[in-house]
Amino acid sequence: MNQTLDGHSGQIQVISWNESHQKLTTSDQYGLIIVWMLYKKDVAGSWIPCVMQQGLPQGTDKGSWCEEMINNRNKSVVKGMAWNFDGQKICIVYEDGAVIVGSVDGNRIWGKELKGTTLTGVEWSPDGKMLLFSMRTGEIHIYDNQGSFLEFKILVQMKLGVLCVPVGLEEMQVIGMDWYDGRHGYIEENCPVLAICFDNGCMQIMKEENDDAPVLIDTGMAAVCCSWNHNGSVIAVTGTMQLSSDSKDSNVIQFFTPFGEHLRTLKIPGREVSCCVWDGSSLRLALAVNSHIFFANIRPHYRWTYFEHTVVYCYNRPDKPGTIVSFWDITNNECYNKLVKYLLGIASFGEHCVLATKADDSSTSQFALILCNAISTPVDSSRQRKERLYHIDDSPSGIAEVIQDLDRSYEMTTNMQATADPICCLTVSENMLIIGRESGTLQRYSLPQVALTNRYNLNCCPYEVAINCNSIERERESTGLGTNPGFIMHYTEVAERCLAVIDVTGILRFLNLEASTSSDDNSNMSLIKNVNNKDLSKFERKDVWAMKWATDNSELIAIMEKTRMYVLKEFEPEEPIVSSGYICSFQDLEIRAVLLDEIMQNPERPLAEHILDLEVKSLRDTRDLLVKVGISEATAFVEEHFHPRLWYLKRLLAEAALQNLDLEAAEASYVRCSDYSGIQFIKRLYNIESDVLKRAEINAYFKHFNDAEKLYLEADRGNLAILLREKLGDWFRVVQLMKMGKGGSDVLMEEAWNNIGDFFADRQNLPVFSKGNLAILLREKLGDWFRVVQLMKMGKGGSDVLMEEAWNNIGDFFADRQNWWEKPPPVHPTKIRTSISLSSVVGLNTTSALDNYATEADINNLRHSCRSDAREYYEKGHNLKKCVECYYMLEDYDALKKCSAGLAENHPLLPTIADMFTSVGMCFEAVAAYVKCGQVKNGVDACVGLNQWDQAIDLAKKYKLPEIGTLLRKYATHLLEKGRILEAVELYRKANHFVDAAILLHQKGKPAATKVEELKAWNNGNEKGMLIISTGLEYSQLQTVISRETATQMWNCLKNVHELWSSAN
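Taking full-length UniProt numbering, the leading residue of the sequence shown gets 1, the next gets one more, and so forth.
Hints listed in this document are in silico derivations from the structure and should not be mistaken for laboratory results. Quantities reported herein were computed from a predicted structural model and do not represent experimental measurements. For every residue, glycine included, the Cβ atom is placed at its ideal position computed from N, Cα and C. Just to be clear, a hint being listed does not mean it is correct.
Capping the alpha-carbon separation at 30 Å, the derived lysine-lysine pairs in DSS-like fashion look like this [unchecked claim]:
1. LYS683 - LYS703
2. LYS320 - LYS129
3. LYS897 - LYS958
4. LYS897 - LYS932
5. LYS248 - LYS703
6. LYS957 - LYS937
7. LYS957 - LYS978
8. LYS978 - LYS958
9. LYS970 - LYS957
10. LYS970 - LYS932
11. LYS129 - LYS341
12. LYS882 - LYS898
13. LYS41 - LYS207
Quick list of the computed label-pair ranges, beta carbon to beta carbon [what the hints assert, rightly or not]:
14. LYS320 - PRO49: 30 to 38 Å
15. ARG317 - GLU575: 40 to 48 Å
16. ASP800 - ALA44: 22 to 30 Å
17. GLN22 - THR563: 39 to 47 Å
18. ASP894 - GLY182: 55 to 63 Å
19. THR419 - LEU371: 50 to 58 Å
20. ALA904 - LYS341: 29 to 37 Å
Let the sequences and hints guide you as you build the complete structure.
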């Protein structure tokens, strides 16, 4: 949204944001303070604060920022404002020394006048117990936050030690104080978190307020602002300084780690920069320059790596000291975590990765290397070799290594002095090591004998370096005499080694490592030789933050520029791909990238969508031809357009031909690219008659295993699906398919259980799982809920939720067998093998993998010792729906009534319970349940169905149902059919239907049709009297009238009753 906040009449000088309550606090040059808050309309159209709008759909209303509170002291200018860690208190300091602490709702908590001091800023401690005040003199004072004590005297007051300002300089002003609160964890235990920056560019970062050995940094610029990112791993400092490439001062922003390591310097356009601030995820930075706001996209330097389909990344949690290293298996979407106390870096190659850490204080070594496999388990090395140390300032020749190999007692002398030109990056290949230094020097060493062979001088500090591979795979058509004309030769060409260099300003250059150079010649920074008659000596790509050489082609490199990925083929960029992923691998014209920014939003649950598989343009074009044109045209395109990975494109053609079951075209493609395994596969397909099975085999060959399994099952070849999963080692799926009755044998089932046990045994050293938890997880996957309950009762792990699930599943087991209450008859142990679960079909041989593994006899004893009724387990599992079914099946209506009484109104189970009561004739209980769930009409129908007409009428009258007249007539007809006229009249009288009652009386006393005179007399006089008097008759009187046999007798009785009734009133 874009809204101008009108309210200040002067220049804004101080601004503060309350994240917890989403409030903005501003102050101008006249001391006016305004608290702003965003208001939005809810569904009813009322304006409410945005923090209360969690349930509103996004985008329905952008809202409006409004003034919530205004304050103006009218004495001085505000120099600093800061909210505490939970956003409940704000501290405001004025230039004249006044301090005010208020609450988030605008109430003043306490105030203080610091006489004789000029304040310039304020900052809270992370726990909210201390306040830091900066003075114009450059001093920083710490105060207790207890306002009641500060009203009388300062309880705690001391000068914070400032060590970064050189002795002898005049007083410097504090321009920034930022104390990271640790809400997103710490990158290292007890790392520096309190940053204090002065206008002369000096900055010190302290672990706490009493730290006497802070990290001291000289930024070399005139600083104006400093700010931590969201997790305290990077601090940004803005200001002005003269860069080496400029003749005058420029606006810059520098980034440092908490330990003082300089990360990057970024030049900012504009005349004057005044402030910088991070967004909530530290992926963007906002800079105030002149009257504009610039946004800089930040690419964090994550500590991560990729190997063997596993992404390794690290993150921090506030409740755990140290760093959590997560090994994410992207194939199975499983994470294995490892807690490292002091992590320095991560690297990988082949099937392992290495973690560089600081050694514990108890260790004699300073650093340690931990070699791990893809599931974070440390790998023990059986071969011990003495480490070799080299100093970056030395010039090793490799002779010392030869002597040491011949004489084990020989000790190499190593320079242990600190260097003035530290190492900033390195890369290695099979025969060379290249190290970059902050001065711009690149040093090249030979391997395996470490010898310094070359030095290359850059005019900038390298940030990242990478060496290409040393081969290019090509094809050409042979026309020589020694070979048949037209035969395609597939050969490997040795390529020149090239070094890609990204400097700290984001500029990419290339260095030819094959050129002969002298160590003292500065011209050796010549770039790659001319390619295709193009001069690459001035080749540069700006804003590059990541790169990756193809592992199978020395001429292909993928680079990241801002939010685009470029593939450089012979240093010519292809069409860019929009992406912000970090490049994992580049092989076979495919690039795999991981969205680490998205993963870090919720690092404990990475998603498969965070992995991107991208293709280079030539591969995309070939696929488009296959889809839009056809195999033959695509083949012609590949033949006409040379590509260093032409054989792979032909494999793509073969794949497309196989998908169309064009075996001849596929075989021809495999022959031309010398893919002998593909040729053998085609031969196997010729022996298969079913097209469905052919497609299944093709999907399996191209690793589309789920599609292959689906086709096998559609063809009713479950045994082939099981065989496929067995070859893949997916033993859980093997068990699942065998449970579905798709095939298999007892021997295979036993092998599956043993392999599953081995699977958990391999993970027994995981810190987040105990062996008991793994045992429970195994039994849970197998559906053996009896054993799950037993293990949890033994204290081996689990949770209340899992226990309830176990009870419910055991209840289902007995419910399926109609064992509602009584104990089942004794079962022979051999019968349990087919009745309990598949975990009992075979004996488990995994005692080496899990502790307290039960034998089958133990499980049988458990099943006999448990009371085998579904009701008991459903009650333990708090499964009300199943409990109601059990009560009904057991005819335990008292329990059913208690359950109904204990349910809340409109509970979804109440209609079911009411139907149950109705089915067994319990009308009163059924009506109570129907009324409780608001279904009164169903209650009336239940009463009618059970012939409880009185209750039905009372219910209809009580809730004023419109169908009461129809209901009365139905009941009256029912009574008359049984000759119960008196009850029918009484029914109408109780319902105040007196006319209907009189008509019944009239029908009762009417003479036979043959007595015409008597019938006329009755119709003329009796009907009116009967109508009037029947309205006031009591039941006993009405019974007396009805008992008369003729109309005359009935009329005389009515007159007597009427006269008695009149005289009494």
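Results for each hint:
Under the criterion of a C-alpha separation no larger than 30 Å, the hint pairing LYS683 with LYS703 is consistent with the structure, at around 19 Å. This hinted pair checks out: LYS320 and LYS129 have alpha carbons roughly 23 Å apart, not beyond 30 Å. Taking the CA atoms of LYS897 and LYS958, the gap is about 23 Å. The hint holds against a cut of 30 Å. In summary, the hint linking LYS897 to LYS932 is supported, as the alpha carbons are separated by about 13 Å, within the 30 Å threshold.
Straight-line distance between C-alpha atoms of LYS248 and LYS703 comes to about 60 Å, which puts the hinted pair past the 30 Å bound. Of the pairs offered as hints, the one joining LYS957 and LYS937 holds, with about 12 Å between alpha carbons and a cut-off of 30 Å not exceeded. A threshold of 30 Å between alpha carbons decides the hint, and for LYS957 with LYS978 the separation of about 25 Å falls inside it, so the pair holds. At most 30 Å may separate the alpha-carbon atoms for a hinted pair to count; LYS978 and LYS958 meet this at roughly 27 Å.
For the suggested pair LYS970 and LYS957, the alpha carbons sit about 15 Å apart, so the restraint of at most 30 Å is met. For the hint pairing LYS970 with LYS932, the CA-to-CA distance comes to about 26 Å; that is within 30 Å, so the pair holds. With a C-alpha separation of about 28 Å, the suggested pairing of LYS129 with LYS341 holds against the 30 Å cut-off. Under the criterion of a C-alpha separation no larger than 30 Å, the hint pairing LYS882 with LYS898 is consistent with the structure, at around 15 Å.
Of the supplied pair hints, the one linking LYS41 and LYS207 is violated, its CA atoms being roughly 45 Å apart against a limit of 30 Å. Checked against the hint of 30 to 38 Å, the C-beta distance between LYS320 and PRO49 comes to roughly 34 Å, which is consistent with it. Restraint check, ARG317 to GLU575: a C-beta distance of roughly 41 Å satisfies the suggested window 40 to 48 Å. Distance hint check: the CB atoms of ASP800 and ALA44 are about 40 Å apart, inconsistent with the given range 22 to 30 Å.
The supplied range of 39 to 47 Å is broken by GLN22 and THR563, whose beta-carbon atoms lie about 28 Å from each other. Between ASP894 and GLY182 the Cβ separation comes to about 58 Å, which falls inside the hinted range of 55 to 63 Å. Distance hint for THR419 and LEU371: a CB-CB separation of about 28 Å, inconsistent with the stated range 50 to 58 Å. The hinted window of 29 to 37 Å between ALA904 and LYS341 is violated, with their beta carbons roughly 51 Å apart.
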